[in-house]
Structures are given as structure tokens and as C-alpha cells.
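Residue numbers (the working numbering), protein chains in the order written: chain A, 50 to 253; chain B, 191 to 747.
If you are wondering where the hints come from, they were derived from the structure by calculation, not from laboratory data. The beta carbon of each residue, even a glycine, is placed where N, CA and C say it ideally should be. One should not assume that every hint holds.
[Stated by the list, open to error] Partial list, computed: chain A residues near chain B (C-beta under 10 Å): (1) Val147; (2) Pro150; (3) Met187.
[Said to hold, decoys possible] Covered stretches of chain A (chain B as the covering partner; in silico rule of three or more C-beta atoms under 8 Å from a C-beta of chain B): (4) 190 to 202; (5) 230 to 239.
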Amino acid sequence: MTFSSSLELLAFHETAYTIYAVMIISIVAWFGYNLTRKEAKSVVRIPFYGYMAFLVAGGVGHHIFTYNTIPWVSQDIIREQIKPDQSYEFEIEKHKWVNLPKQVVVQCGQTIKFDVHSRDLVYGFGLFRKDGTLVTQMQVNPGTDVNGILDSNDILWTFNHNGVFDLTSTEYSGPEQYSEDGKRDLMLVKDFVKVVGCNEGGER
Amino acid sequence: MSLMKHLIHGTNFDHESLNALQKVTLRAVVMSFLFFGLVAIEGMIMRLVVTGPANPLPEMFSHPAHYFSIMTVHPIVGIFGSTYQLVFAAFMFLVPFLTKKPLYSIKLANFVWLMITIGTALAWIAAFVWQYAPLYTLYWPLPADTEQFQVIGGIVFILGVALIMLGTLGFIYNIYATIFQRVGVHKDKTTKELLISGFGIDGMLNLINKLRGKPPYTKEPALALPVVAIFRGTVDTFLDAIVILSAGVLVLVYLVFDASGHPLNVGAIDALLYKNYFWWGLDLVADGLVLIYVAGSWYLLATLITGQKLFMENVARAALMLELLVSWMVWSHHLLADQGQPEMMKLISGEMVTAFELLTQGLALFITLVTLWKARPLKMTMELKYLLGGLVGFGLAVPAAIIQADMGMNRVLHNTQWIIMAHVHIALIVGLYMTLYSALYVLWPIVTNNTKMFSSKMSNIHFWMYLIGGIGMGAFGGMAGLDGMLRRHLYVNGEFNTLMILAAICGTMVLVAWFIFLMNIVLSVGLKGLIGIFLPAKDPTASYGIEPETVAENHKV
Numbered sequence: 050m051t052f053s054s055s056l057e058l059l060a061f062h063e064t065a066y067t068i069y070a071v072m073i074i075s076i077v078a079w080f081g082y083n084l085t086r087k088e089a090k091s092v093v094r095i096p097f098y099g100y101m102a103f104l105v106a107g108g109v110g111h112h113i114f115t116y117n118t119i120p121w122v123s124q125d126i127i128r129e130q131i132k133p134d135q136s137y138e139f140e141i142e143k144h145k146w147v148n149l150p151k152q153v154v155v156q157c158g159q160t161i162k163f164d165v166h167s168r169d170l171v172y173g174f175g176l177f178r179k180d181g182t183l184v185t186q187m188q189v190n191p192g193t194d195v196n197g198i199l200d201s202n203d204i205l206w207t208f209n210h211n212g213v214f215d216l217t218s219t220e221y222s223g224p225e226q227y228s229e230d231g232k233r234d235l236m237l238v239k240d241f242v243k244v245v246g247c248n249e250g251g252e253r
Numbered sequence: 191m192s193l194m195k196h197l198i199h200g201t202n203f204d205h206e207s208l209n210a211l212q213k214v215t216l217r218a219v220v221m222s223f224l225f226f227g228l229v230a231i232e233g234m235i236m237r238l239v240v241t242g243p244a245n246p247l248p249e250m251f252s253h254p255a256h257y258f259s260i261m262t263v264h265p266i267v268g269i270f271g272s273t274y275q276l277v278f279a280a281f282m283f284l285v286p287f288l289t290k291k292p293l294y295s296i297k298l299a300n301f302v303w304l305m306i307t308i309g310t311a312l313a314w315i316a317a318f319v320w321q322y323a324p325l326y327t328l329y330w331p332l333p334a335d336t337e338q339f340q341v342i343g344g345i346v347f348i349l350g351v352a353l354i355m356l357g358t359l360g361f362i363y364n365i366y367a368t369i370f371q372r373v374g375v376h377k378d379k380t381t382k383e384l385l386i387s388g389f390g391i392d393g394m395l396n397l398i399n400k401l402r403g404k405p406p407y408t409k410e411p412a413l414a415l416p417v418v419a420i421f422r423g424t425v426d427t428f429l430d431a432i433v434i435l436s437a438g439v440l441v442l443v444y445l446v447f448d449a450s451g452h453p454l455n456v457g458a459i460d461a462l463l464y465k466n467y468f469w470w471g472l473d474l475v476a477d478g479l480v481l482i483y484v485a486g487s488w489y490l491l492a493t494l495i496t497g498q499k500l501f502m503e504n505v506a507r508a509a510l511m512l513e514l515l516v517s518w519m520v521w522s523h524h525l526l527a528d529q530g531q532p533e534m535m536k537l538i539s540g541e542m543v544t545a546f547e548l549l550t551q552g553l554a555l556f557i558t559l560v561t562l563w564k565a566r567p568l569k570m571t572m573e574l575k576y577l578l579g580g581l582v583g584f585g586l587a588v589p590a591a592i593i594q595a596d597m598g599m600n601r602v603l604h605n606t607q608w609i610i611m612a613h614v615h616i617a618l619i620v621g622l623y624m625t626l627y628s629a630l631y632v633l634w635p636i637v638t639n640n641t642k643m644f645s646s647k648m649s650n651i652h653f654w655m656y657l658i659g660g661i662g663m664g665a666f667g668g669m670a671g672l673d674g675m676l677r678r679h680l681y682v683n684g685e686f687n688t689l690m691i692l693a694a695i696c697g698t699m700v701l702v703a704w705f706i707f708l709m710n711i712v713l714s715v716g717l718k719g720l721i722g723i724f725l726p727a728k729d730p731t732a733s734y735g736i737e738p739e740t741v742a743e744n745h746k747v
């Protein structure tokens with residue numbers, strides 16, 4: 050099992066968490082009802098150490114599961130050793146993207162590096178589908194090294210599905226990100242990334 | 191008695207019969223619930239704005255400067271003005287109650303609620319008047335950005351937060367001074383014995399001795415388990431206050447220099463390092479004191495409601511120590527989207543240690559449920575209902591956060607509505623507040639000298655509306671997060687319209703529930719009584735005489 054896009058992951062997550070939420074609410078409701086009944090008997094005896102082991106397995110197993118099913122985790126950890134198919138480097142200053150390419154066209158399956166620098170505040174870098182769902186994101190912190198070179202905020206992303214994605218800042222950096230009436234996000238760049246060449250199912 | 195008479199005189203509340211400890215407790219409780227109302231109204235304004243163009247609010251609320259100034263003070267009023275105030279009041283009452291010793295200082299307790307109230311009001315004014323809006327995260331250098339915000343707004347805001355932290359330090363001093371007072375049952379205890387008990391080391395030694403087949407280190411620990419939780423949680427409260435105060439001083443220095451015409455270079459402070467430092471402190475609230483205080487409150491409520499000893503008490507004591515250490519090492523889960531953060535810190539602090547919270551909170555849940563189960567049948571009193579509601583809240587909220595504290599999930603959930611709604615709001619509104627309401631119903635007769643609650647129907651309506659509204663708002667907001675809705679972003683064009691309307695309906699239920707609860711309290715104590723709470727107490731006693739064991743009698747079938 051591998052999630053080739055964030056949409057698949059989010060759909061899986063929504064289903065799994067909804068089942069869990071219904072379960073925990075039902076268990077406590079059942080528990081509360083039986084607390085008032087003298088004749089209530091334990092349906093199942095939960096061994097203490099078994100319960101603890103379940104929690105440990107849940108906490109640790111969750112990360113093992115995601116490491117093995119979400120491709121961008123290992124890619125992110127070793128990103129310095131991966132040679133991207135294309136790299137883009139740009140800056141943000143006073144709520145404006147600087148040196149931003151007009152559009153990034155990606156062939157299906159290509160791995161792209163985005164390296165973003167901030168000259169003043171903490172911003173975010175987020176790619177969104179046309180329906181508003183999030184493709185990927187990172188924080189963009191300001192700062193320079195001792196030589197005055199702007200700090201890197203880099204992310205590698207492999208695009209496995211066709212689509213046209215918008216770019217905006219995912220971190221709040223003050224009200225000046227918006228028009229005065231709040232109706233326009235001034236950092237929104239429409240159609241920033243275009244992915245082509247994938248089949249309908251998301252493969253090449 | 192007519193409604194009007196109840197409104198003026200209450201049921202049988204007599205403020206003149208209250209001693210100094212009861213009055214100072216009730217003062218903070220009153221302020222806390224007034225701030226809760228304010229925070230609920232602020233929350234509703236924000237919920238309505240994001241429902242889109244059809245929202246009924248005046249247009250100014252959709253303006254970014256206005257909207258984000260509300261978003262800035264919303265957590266300040268909610269967490270400090272309301273929650274801190276209520277928790278501190280409860281603990282400054284409970285520690286004397288459980289240790290059967292007087293509170294160290296009533297004057298200091300008055301100082302605490304006054305500082306938190308004035309500080310919260312100042313922070314609110316800074317946002318309302320000058321629209322100072324760097325959000326509670328204060329990501330450097332935004333709070334010192336005088337191109338976007340007025341200096342005066344920043345100074346007033348920081349002074350407000352500083353006063354809140356001074357009040358917090360007053361609370362901490364009062365708690366520890368009370369615990370270490372060598373009077374009453376602790377007359378012959380040494381500081382070392384109290385420290386060992388306060389850190390739960392006696393519980394751990396008991397466990398070790400049991401494994402080695404030796405007699406227990408102590409059969410009667412010096413401090414009751416809930417006091418141990420308060421003791422431990424207060425360590426995090428102290429560290430958090432120091433971090434927030436120092437960050438406040440930093441911002442203040444920059445603002446003052448700016449105002450004097452000699453602005454300092456904001457680039458001198460490393461934004462990522464600052465983020466680490468600030469999140470370490472801020473996370474001591476969310477993943478430190480809240481979880482520890484809540485675990486302690488569950489243990490207390492379970493023992494008070496059942497009248498029985500806590501199940502696996504030694505394990506619970508030892509686990510509280512583990513929880514303290516865990517809370518110091520989990521802050522990196524807030525920085526999983528920061529690419530400059532070392533991967534090892536993301537893996538160890540952000541993922542692995544954070545996962546331990548599932549263990550510590552799961553353990554507290556287990557111990558509480560088993561303690562209740564062993565004492566059945568129990569009456570389904572209001573306090574038991576609220577306690578179960580609190581357990582549901584954390585049962586939902588903790589896994590929601592653990593799921594996101596993962597490098598894979600965080601990439602698509604960071605800064606979305608998922609974490610703020612499905613985790614934070616459910617943890618606070620349902621988990622924490624339901625627990626606090628349970629404590630309030632348990633302590634109500636003790637703190638008010640057996641004042642009758644005006645209406646049990648109103649209590650029940652409050653419970654169900656609050657529970658359904660709280661979970662519903664968190665759930666619909668969380669779903670919007672999964673759909674990509676950001677948490678610190680302005681959406682005025684109805685982008686997530688359907689889910690936001692549903693969340694707003696549920697939010698309205700929470701607001702209405704709060705109003706019903708408030709009316710029930712006002713009709714119980716009366717307006718005269720309410721004013722009387724703020725008048726000086728004739729009886730200066732700083733303790734309360736009822737044995738905790740007697741409270742349990744009311745819950746037996």
C-alpha cells in the first residue's frame with residue numbers, strides 16, 4: 050500500500066478517524082449507561098499491560114506505517130542526497146514573491162525542488178488544487194548565515210498526478226497579505242504549477 | 191419564588207457566610223466565565239466571517255486587520271483569561287481542601303485573579319483599539335513589525351501578557367508555599383518528604399519495592415495524588431511563564447527602541463531558534479500542564495465521585511513523573527514543516543516522544559474508567575456526566591494530534607483547521623471544560639455553602655448542547671482542514687461554505703449553552719450575591735473544613 054498523492058492519504062485518514070471517533074464516543078456512552086446498573090458485567094476484560102502495549106504499538110506503529118506508505122517522508126529526510134529533476138529558487142519580501150517563475154511545468158513523476166527564502170517575516174509555501182485541497186507545504190523562515198546569505202527553506206516533491214496548482218503562503222504574516230477588504234489574498238499565484246503526462250489513474 | 195426574585199436574591203445563597211478562601215475562589219470563577227462568554231462571541235464572529243458573503247455581520251469584521259486582531263486575542267482571553275483563571279481558582283481551593291491546611295496567602299490569591307483579569311483586558315484592548323495582531327504564536331519578527339502594527343498597540347499587548355504571567359507566578363508561589371507549609375497533617379513532614387511525594391518518587395519506589403518483593407516505601411504518601419498532579423503541572427506552568435515573559439521582554443525592547451527612533455535590527459534574532467524556544471514554552475501549556483492537570487483532576491473527580499481509592503495509584507503517581515519529562519521534549523512536533531529544523535529532532539522530539547502522550551493520557555483515561563467501574567452502580571449526577579464528557583473530549587482530541595505529529599501527515603495537515611478544530615478546540619471545549627464543569631459541580635456545594643442550583647433542567651440542557659456543539663464544531667472544522675482550509679488565513683468568499691455553516695451552527699450551540707449555564711448560576715446566587723462575592727469576607731479563614739471523603743456520599747445509589 051502506497052499513497053501516491055495527498056488526496057488519497059487524506060481520504061484514508063478521514064475514514065479511519067471517523068470510525069475511531071464513532072467508536073470512542075459509543076464506548077464511553079455504553080460505559081456511562083452501565084455505570085448506573087448494578088447488574089452490569091464487564092463484556093471484555095482488558096489486561097492492563099495489553100492495553101499499554103496497544104497504545105505503544107499505536108503510537109509507534111503509526112509512524113512506521115506512514116514511513117512505509119507515504120513516499121515523501123523518506124524523500125524529505127534524505128533530500129540532500131537526491132538530485133531533483135528541476136530546481137526553482139525564489140524569495141519573499143513584504144508579502145510579495147520575488148523572482149518567481151511564471152509557471153512551473155512538470156512532467157509526470159518528476160521530482161521538483163523548491164527553495165524559498167524570506168527577506169523579512171515567517172511565511173509559508175503551499176500548493177493547492179483547484180478544489181482547495183492541499184498538495185504540499187512548508188514553512189518559510191527568514192534569516193541569514195554569517196555571510197549574509199539568506200537561509201534555505203527547501204522541499205522536494207514528486208508529482209504523480211496531472212493538475213494545475215495554485216500557490217500561496219500557508220503561514221500568517223500580518224494583515225498586509227490581503228487586500229483591505231479581505232476579499233483578495235495578495236500572495237495567491239494562480240496556476241503556478243502544471244503537471245502533465247500522467248494517466249487518469251495517476252501513473253505515467 | 192418568581193424569576194425576578196431569583197435573579198436578585200438567588201436560591202439560598204448567602205455571601206456573608208462565605209470565608210475568605212471561598213470568596214476569592216468564586217471571584218476568579220465569575221471572571222473566568224465572563225471571559226468564556228467573550229471568547230465564545232469572538233469565536234462566533236470568526237466562524238461567521240468564514241461562512242462567506244452571506245454572513246450577517248457588518249463588513250468591518252471581514253477586514254484582515256480586524257479579523258486577525260480578534261484571532262490574536264481569542265486564545266489569550268480563552269486560555270489565560272478564562273481557563274488559567276478557572277484552573278488556578280480551583281487549585282488554590284483544592285490544595286487547602288485536600289491537604290487540610292490553609293492557603294498560604296489570600297492576598298496573593300486576590301492578586302492572581304486581578305492580574306490575570308487586568309492583563310487579559312489590556313491585551314484585548316490592544317487588539318481592539320490598535321488592531322495589534324501578531325497572533326498568539328508571535329513568530330519572530332512579526333510582533334516587532336512596526337510597518338504593519340502600531341508600537342503603542344504592541345506595548346499595551348505585551349504589558350497585558352506580562353501581567354497575566356505575573357499573576358501566574360503569584361499562583362505558583364501560593365501553591366508551593368501552601369504545599370510546603372509545615373502545619374496540620376504536614377506538621378512533622380520534612381521538605382525532602384514533601385518533595386519526594388510531590389514528584390511521585392514515592393509511588394515509583396513503591397512499584398520498585400513491589401517488584402523486588404519488599405514492603406512499600408510508604409503506605410501513606412505525604413501528598414494526595416491530585417496534589418501531586420498540581421505540584422507537577424505547576425512546574426510546567428512556571429517554565430511556560432518564564433518563556434512567555436522573556437519573549438515578551440524581547441518584543442518590548444524592540445518596540446521601545448523603535449518608538450524612540452532607534453530601531454534595532456530584527457535580523458539579529460534567529461527566527462527558527464526563537465520558534466524553537468517559544469514553542470518549547472508554549473507547548474508546556476498544551477502538552478504539559480493541561481494534560482497533567484487534567485489527569486490529576488480526573489483522578490480527584492473519580493475518587494470524590496466513587497469514594498474509593500484510585501485504581502493503580504502508584505502507577506498513576508509514577509506516570510505523572512513520566513508525563514512531566516515527556517512534556518519537556520515534544521515541542522518539535524510544531525516544527526515538522528520547518529525545513530531548517532534538524533531531522534533528528536523532528537523524528538525524536540516531534541514524532542517518537544510525542545507519541546508517548548498517547549500512553550500517558552491513555553493511562554489516565556484507563557485508571558479513571560476502572561476506578562469508576564469498580565464503584566458501580568453510581569448515580570448519573572451532573573459531575574459524573576461532565577467527567578464522562580471530558581473523557582470523550584480527550585479521547586477524541588489526543589489521537590487527532592498524534593496523527594498530525596507525523597512527518598508524513600504534517601505535510602498535508604500543518605496549519606490547517608484540522609489541528610485547531612479537531613484537536614485544540616475539542617481538547618479545550620469538550621475535554622478540558624467538561625472536566626472543569628465536573629469539578630465545578632463537585633465543588634459547588636462546598637464553595638457556596640450548599641447553595642441549591644436554580645434548575646437541574648438548565649444544567650442538563652447546558653450539558654447536551656455544549657457536548658454536541660463542541661464536538662460538532664470541532665468535527666466540521668476538522669473536516670474543512672482535511673479539505674485544505676488553513677487555520678490562520680482569511681476566507682471571505684465562501685470557499686468552505688457548507689462545513690463552515692455547520693461549524694457555525696454548532697458554535698452557536700456552545701454559545702447558547704454558555705448563556706444557559708450563566709443564567710443558571712446567576713439565578714442560583716442572585717445579583718446581590720454576585721456583587722457580594724466581590725465584597726470583603728467577614729470570616730478571614732483560608733481553608734475549608736469538610737473532609738473530602740464526605741463528598742462521595744452524595745454519589746452513591
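Going down the list of hints, with the structure as the test:
Checking Val147(A) against chain B: minimum C-beta separation of about 17 Å lies over 10 Å; hint violated. Hint status for Pro150(A) relative to chain B: violated, with the closest Cβ pair at about 20 Å, above 10 Å. Nearest Cβ of chain B to the Cβ of Met187(A): about 5 Å, under the 10 Å cut. The hint holds. Coverage of a stretch by a chain is defined here by at least three residues with a beta carbon nearer than 8 Å to that chain's beta carbons; for the stretch 190 to 202 of chain A and chain B the count is 7, and the condition holds.
Three residues within the 8 Å Cβ limit are the bar, and the stretch 230 to 239 of chain A against chain B gives 4, so the coverage statement holds.
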